[in-house]
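Line by line, the protein sequences are chains U and F. Under this note's numbering, the residue at position 243 of the first sequence is numbered 885, and the numbers go up by one with no gaps. Under this note's numbering, the residue at position 69 of the second sequence is numbered 71, and the numbers go up by one with no gaps.
Calculated from the structure, these hints are not laboratory results.
Label pairs and their in silico Cβ distance ranges:
(1) U:Ala870 to F:Phe103: 50 to 56 Å
(2) U:Thr710 to F:Val116: 37 to 43 Å
(3) F:Ile99 to U:Ala784: 53 to 59 Å
(4) F:Pro19 to U:Asn873: 35 to 41 Å
(5) F:Pro39 to U:Lys925: 55 to 61 Å
(6) U:Ala870 to F:Ile97: 56 to 62 Å
(7) F:Val102 to U:Arg881: 39 to 45 Å
(8) U:Lys861 to F:Pro39: 38 to 44 Å
(9) F:Ser55 to U:Ala784: 48 to 54 Å
(10) U:Lys704 to F:Thr30: 39 to 45 Å
(11) F:Pro39 to U:Pro788: 45 to 51 Å
(12) F:Pro39 to U:Pro998: 50 to 56 Å
Below 30 Å or equal to it, Euclidean Cα-Cα: the simulated DSS-like pairs (lysine-lysine) are:
(13) U:Lys838 to U:Lys934
(14) U:Lys934 to U:Lys880
(15) U:Lys861 to U:Lys1003
(16) U:Lys838 to U:Lys928
(17) F:Lys46 to U:Lys1018
(18) F:Lys46 to U:Lys880
Cβ atoms here follow ideal geometry from the backbone N, Cα and C, with glycine treated the same way.
So you can see what is in the structure, the chains are spelled out below.
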Amino acid sequence: VNVESEATGTEVTSCDVYSRRVFIGRGAGVAAGILAAPVVAACGSSSGETASGGTASASAVKGTVGGTVNYYGYQGNDALQAMKSWNAEHHVTFRSNYIATHEDLAAKFASGAAAGTDVVNWDYQVEAMYAATGKIFQPMDASLLPNMKNLDPAFPPARLNNGLIGVPLDFGTIGITYDSARIPEPTAWADLLQPKFKGQISMVNDPASGVNLAANILKLNTPHMTTAQLNQVGEYLKRMREQCRTVAASWGDMTTLLVQGEIVACYDGWVSMNGFAAQAGKKTVKTNFTPKEGSWSYVDMFCVPQGANNPVTAYAWLDEMLTPQGNAAYQNQNLQGSPVRGAEQYLSTAARDLYPYNDLKSLLAAAPFTLAPPTKAPPGYVTYADAVAVFNHAVNGT
Amino acid sequence: LCTLPALIGLGLFFVAPLVTLGFYSFLTPSLFGASRPYTLTNYKAATGSAFPSHLAWNSVIVGLIVAAICVAAGLVVGYWLTYSAGRMRMPVLFIIISSVFANYLVRIYAWRLVLGQNGAVARAIGYLGFSRQSLTFLLFDRFAVTVALVHLMLPLSVLLMFAAFRPVEPRYLEAAEDLGATAPTRWRRVILPLIAAPAATLFVLTFVLASSDYVTPTFLGGTNGQLYGIQILTAFQVTGDWSLGAALSFLALGVYLVAYLAMLGALRLARLHNIRWGT
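Isolated chain F, as found in the complex:
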């Protein structure tokens, strides 16, 4: 009975929309609508003529880089907050959380000011004698999208890794040290096994969020930095082909499920999938 509200919420806000979208993907499209008969042509188009291979490639590259940076930074900052920050912990956590309060679009636009031809980076490099014209790669390309997505995902990553470190009690590390383990050994033999599962989950989560984003690439991606999500947006909002949009969405969902299963498989292979925390 206790789980009923959660089940209702899950059914209402996750399963029902998913089933609906899946249903759409098999309908025959019309302008901003869809109707019977059922068809597989949307999936044929989504995997064939309408499949944007270069956008998908961009998504994979950007998603992997963002996920790797976020997990690495999350590990370092999470470790520091847990074991070394002392009285700095709460102020730093407050700063991290407050950065999320700034509007998403404002944070994206802020990168235009930083990375633009008249931005802070260009000015600083200009003072060193380099031409600003040579710095156009900083903005309106995959680089700017990656930087902005790391900035957007980092607070979430740090908070999740901080939470992941909390059950790894300092006495585990002290015990390892008493047994002669060096700092790298403590990381390898104690910390990493205990936080492997949350770190892997964070990796997949940030990969999914970054690679599916379409707002950041719209404003910072230029002509070379667009991601797969723009194709889904175009199908739903521009061409009005909701069925193709749904099929493209399910295709992405399939890829993300494979990534998730691969993560579970990797953890199982490394025998890290059922590590237990706590005392």
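Here chain U stands alone, though its shape is the one from the complex:
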């Protein structure tokens, strides 16, 4: 059992799990010599697994801030514009790799394709799935993040086995995003199921978010759903999918559909889409994030993962993003909510008006943070894989 498996509580040995990197290495050996070597090499090799977990532990992080920082996460959450001056001041070059869905990141780390990443951004709801890979999280050193004290208590840091594994840097609420120039504000998710919206709406091909939203609309407990309840979710998603003109590949893609006039509203919309559309010249896109049936909110967590090349700079970058000014600049760029106390005074009008900072409690009661189903569940209850399968069956027909 190597370093990373201890960090996540998941037992992983080089003989139990085969990463793509391990296989590429072994495949080279195959071509050079024996074609059957992958079968032989599947057990017994010691390369690969330890390489990704070979960084110094968090407490041993030392060095000078600067150099290259490799980022893996959602586009925009690398705060390239917001942190431009900080990056320049500290001679930091940000190299970003973007994901389209939560699963991309788990797949990249599990296959070894994300080796050397310094900063990872993930959605709190799928934390269990990332932990299950055993290749992302490591215990982080809280002493290197003094500005963590600025976090609003409503947004606690992510912990696993009592160890710090990530800090929240933004939040948002899922809602009905619509083109106010074409339709009046939909006040309930049920509105989107009306015949007049058939072929006029879209949804995102994101299983975790899609299932989470449907479960919240149906007043189900997402992380503890029974099989029968998941079937209800599947039926709901199927009805919504039948209303859709297309299933968008990402939120950016869905924004494009709104801007191009292909659709008028979105299931699984997002407040930040308002800003994206405005940047594209369409200022009539709005989001109702308090529909009658309720909704859910996400928190974007950030961590320094296993195998980070430049953890010193990664910690410094995260800490800067935890300052009120730094976090506000980030939200002004991305139009998301700030979990940092004191950031509100530095927010632009557009960013400040998105969320009721004086009453976040009410917002989070109507649209709570919700975890996705776990990777393992007792009989009769659903796992994350079950939820993904139901989403894919209902939405993609797979």
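Given chain U, put chain F in place with the hints provided.
What follows is chain F alone, placed relative to chain U:
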């Protein structure tokens, strides 16, 4: 010795990954991984519960249409470039090749602008008095996927057919004409036998590339135009079931091998398999 680099390349970049993928397809899946014991359940799932019959059907339909259009267009343009283009040949070839330089995704997105409700086609038809709402079938359906895939494959098809025509020297056609063959007869008795093998190969190649594509359907296919490749992508990237993904891939590979063998068989039946070119 001369073939050694090619053999190493083939082994490294084709055989090894294939063997690896085949090995995965017999492992027991775990989340974004796989481990022993070996099992056949992935193939049972791939041919049973996890087999997306409607996506496979979409793939076959779209693949056949794209392949047929590309081969037909390749034949016509390739013939024209070889025998009739004259000084236009190089500029036209340059235009065909330069179209490949545009980013793949940009070309896909461009079709959204052309086929969308506010796109060029809808506007043109709108001017004729038809409702744009009736044109929603143009985008986010199999039609849009087929059009975009033809657009993506056409440069390759034309270039391959142009290369196929090069050894068919004009004097063959002149000799046939001297012997009294009409234009259709020259096509049937001289040209088609000589280019049957490359045309059939192009047909299978474009069929494989088009029917296995998943990017174009993702952006243009909507809820009805997705292809089989999306199921493989879902297994690898979404559900993290690499073993099922590998089994689905091998299933597709088997179908493509059958298509290739069928092509060889058809050429053999037509006695076109060992036609020799050149002087």
